[in-house]
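With these hints in hand, go ahead and build the complete structure from the sequences.
Chains as they are written, first to last, in the working numbering: chain L, 1 to 401; chain B, 402 to 747; chain X, 748 to 884.
By construction, these hints were calculated from the structure, which means they are not laboratory data. Being a predicted model, the structure only gives us computed values, none of them experimental. Here a beta-carbon is modelled for each residue, glycine too, at the ideal position from N, C-alpha and C. This list has only true hints and no planted wrong ones.
Which chain X residues face chain L? A few, computed with CB under 10 Å, are given here:
no.	residue
1	T749
2	Y807
3	S808
4	P815
5	P824
6	Y825
7	A828
8	P847
9	G875
Simulated pairs of lysine-lysine, DSS-like, Cα-Cα distance not exceeding 30 Å:
no.	chain 1	residue 1	chain 2	residue 2
10	X	K851	X	K777
11	L	K37	X	K750
12	X	K837	L	K317
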Amino acid sequence: MNNFKPVNFGNMKPAREVAVIGIGLTKFGEHWSMGLKELAVEAGVKAVEDAGISGQDLQLVVGGNMSGGLFAGQEHGAGLLADYLGLNPIPAIRTEGACCSGGLAVRVGYLAVASGMYDFVAVGGVEKMTDVYGPQAATALSGAMDYETEAYFGATFPGIYALIAKRHMHDFGTTRRQLSLVAVKNHSNAVHNPYAQYRKKITVEDVERSAMVADPLRLLDCSPITDGAVTIIIVPADIAKKYTDTPVYFKASAQASDTLSLFSRRSITTLDATMHAVREAYRQAKVSQKQINLAEVHDCFTIAEICAYEDLGFTQKGRGGKFIEDGESEIGGKIPVNTSGGLKAKGHPVGATGVAQIAEIVAQLRGDAGKRQVKKAEIGLAHNVGGSGATVTVHILSNKR
Amino acid sequence: MKVGIAGYGAYVPRWRIKSTNIAKVWGSDPQRLKTLLEEKSVPGQDEDTATMAVEAGLRALSVAGIDPQALGAIYVGSESHPYAVKPTASIVAEALGATPELTAADLEFACKAGTAGIQMCMGLVESRRIRYGLAIGSDTAQGRPGDELEYTAAAGAGAYIIGRENIIAEIEDTYSFTTDTPDFWRREGEDFPRHGGRFTGEPAYFKHTISASNGLLKKLGRTVNDYDYFVFHQPNAKFPLTAARMLGVPNEKVMPGLLVPRIGNTYSAATLIGLARVLDSAKPGDRILATSFGSGAGSDSFSIIVTKNINKIRRGETVEEMIKHGKYLDYAEYIKFRGKIKGVTA
Amino acid sequence: MTKEFAVPFHWRRFRERYQLIGSECIHCKKSFYPIRVICPSCRRSGHMKEIKFSGSGKVYSYTIIRAPPEGFKEYAPYIIAIIELDEGAKVLSQVVDCEPKDVKIGIRVKSCFRRIRSENETGLVLYGFKFKPVLGR
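Here's what the structure looks like:
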């Protein structure tokens, strides 16, 4: 038996604390009239307005985008952002970590402010996925795998997560119904999220009747193809109250890596990178999973959310299925998970997702989440994964400094 | 100085289609077809001449018990090479681990390209230019939809390692009979072959098979009674048995090497797979006369005598075990497998 | 039309894909696929040498691809699996020559040389290893 070996990442601490003072999102869905630039600009403008700052105040823009090249013929996302956001000549950085590109943007933006180098940073993510046809979109997404050893032999991205699901069901008895409940919960939550792509409830029967994609994962186990963009404005914590009565503070920013291919992992039913990152995050924030009031986790596929419950420490290894079955991750449960609707129902514009998760936590901690509000929410956790787990970021935020 | 077979292997894909399923679609008389064959092998969608050649080659290496680096030559004979230009033999050499010190080339002479490779290896081995040579006949033959040949065009591979050391069967001699007789052909760029109908019989198959067999017997001063087994090229079940009758060979000496009723005509592999089945149960001292036929046309005849080393080899699957179980396809699945459907996008 | 690469992209992987060759660290004795320069366990204090795997192993997990990627349309549905080789390394490939219902976690398999796909009508034919179930003997 090959056990998880915790790693000491060093005694990292920020030179100063960082806060979020504004958020802006486009609706997630199929935006026929909007290309990469229009999506980025809409989210950027909304965020700057929400923060009550002028665009001229910004000193750095960091944007997550997985695959502008394969989806829109456009690499050099950094160039696109600075230009069309009207921000020339300030610096721009594009971050890429497959589906964790947004989480990496948050990381880089956080480090820029925490280090003391920058005071006003726009952190965003954007993905335009509907300018290519289905097969080409799948090809672009398959770059999140190990191309030469996984995609080469005919694996697809859902296929990789299906391998995780099959083994998880074999090792722990996780059931088809437990997977379905994840999709049902997230769709139910998205009904109350005005930005979500799908705002209709679905049933377990709907999930289990949907077309099989890669056994056991069906169409409704899989997050959709989505266009969308999200931006947050971050500043040093000391000046946040000048701009907003409800600043939200970063308590932790952590990241870890693991093998690119799934088969090379220590265990295919555990994302070690999640375990490493969340350990470091709990250490930085000086909390444990018990203090987390809500979480946005990476449910690219229903099985991923079940593994996340386990790997983030909300429940023991193997009991993720029971966690959802017992209603623990519902709004009103022990730790509401994916109140936004998650990647499944809110949508998954790949590069934007990691930032969208932060935006949801911020809305919740401000008390702005309407009918999906988690009562008395104080501490939230955002968990973003790239590929089948090679890159993971975990951020913890609080409305208390 | 003896030259002979140091190792042999065969490969037949698991898929089959019954000739009645083809007849149903084209309105042919299933009874008439029963005299030709029952069913034929179909290559899987991920199989081709190269993959089957590698399988057969690996089995031959295992029987011979030699390191692939000891191979000095690899020849792959086929009429369905994956590339029109770019050798199958180099792919096979790389997959078997025989590269880089060897010579290699692809051959084409309809169904006798594999046996021509054996003769080439014999030359290199006897002249001591190489220690071991590997000759493979492998085909995924195509038949035009609705044509007679669609019933018999099958898939398979046979591989023979020729050497001087530890041979399990000596090749006493070989004799070939070649003329320019276009009984069956395919032009460059065409998907399917054409054939001369009844012309493929007497002036083609029989003329060359009989002449080569008799030529070898005369050269060796022997008669058919000196031989225990006969393996002929088998385009259908009738031709080899008729050839046997014409030579005065009783059926029971031909039946062990006659596989066409169950797997169809495997083209360049046909004589080689038939021979492999005979070698699977042959005993030291058994004499085998094997005569291939390739349209165009020519026959290579071999006089083979089994040595006592045959009892020392460890075979994996025998030919009989390999072909015993098949997975049946209907005609629609068959044409999808064989890429005969127009307009399929990648 | 699927995207094609220039010849060297696939050519440099022919040997390891045709013969199932990986790396073994002399230091820690662990084996890996594909060929690696740096040992994931020992890092630079490791020493990697090539190992030709026997091709025998067992199914560690599997699934059936029903929505195939570009270039694989004609093969769907097909089985992909993570195979745990006898030497300890794991690989991913297809399981062939059997029905989906015959594949279970734990069954023994053996590698075989198969066509992976063709690069469109005019490009290279790409080959590699796949696995066949071994019937108990």
